[in-house]
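Numbering of the sequence shown is given in the numbering used here, commencing with residue 7 and proceeding in unit increments.
Keep in mind that the hints were calculated from the coordinates and are not lab data. Heads up, a few of these hints could be off.
Taking lysine to any residue pairs in the SDA-like style, the calculated list, with each CA pair at most 25 Å apart, reads [as the list claims (entries may be wrong)]:
(1) Lys86 to Asn16
(2) Lys104 to Tyr59
(3) Lys79 to Trp62
(4) Lys104 to Ile61
(5) Lys104 to Trp62
(6) Lys79 to Val102
(7) Lys93 to Gly83
(8) Lys55 to Thr94
(9) Lys67 to Val43
(10) Lys55 to Lys93
(11) Lys86 to Asp21
(12) Lys86 to Thr48
(13) Lys67 to Glu35
(14) Lys86 to Ser65
(15) Lys86 to Lys104
(16) Lys104 to Pro60
(17) Lys44 to Val102
(18) Lys79 to Leu32
(19) Lys67 to Phe17
(20) Lys67 to Glu97
(21) Lys79 to Ile61
(22) Lys104 to Glu35
(23) Lys55 to Leu72
(24) Lys55 to Asn20
(25) Lys79 to Leu106
(26) Lys55 to Ala74
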Amino acid sequence: MQKNSTKIANFSVNDLILFCIHSIVLNSEQCSFERLVKECFTLFPDTLKFSRYPIWPDSRKLDRPLRALRSEKLIIGDSKNYFILTKTGEEKALEVAKSLRQGKLL
C-alpha cells in the first residue's frame, strides 16, 4: 500500500477530485458533496484523512480544490447541489483515469 500512496502523491488533489466526479457520474449517480467525500476517501484515504484521526475524512480538504476547479471551468456545481464535469473537465478526468490505470493504482 505504501508504494501506491507514493504514486498517488504524484497527482494533485484537483486531479483526484476530477477522477472521483467522473467515477461517480459513470456509475449513473448524482455527485453530491457528501457522495464526493465518500468516493475520494474510499479511493484515496491518505489524501483526505484527518491527520489526528486518520480513519475519518476531512471534507475541508476539498473546499479550495473545488473552488479552483470551478474557476478553471473544469466543473460546474456547488456543495448545496451537485457537481458535474465540463467538457474540458471530462477530458482531464479521462487523462487522470488512464494514468491511474497504467500505474495500476486502480
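What are the numbers of the hints that this structure violates, sorted from low to high?
Violated hints: 1, 2, 3, 4, 5, 8, 10, 15, 16, 21; rest satisfied.
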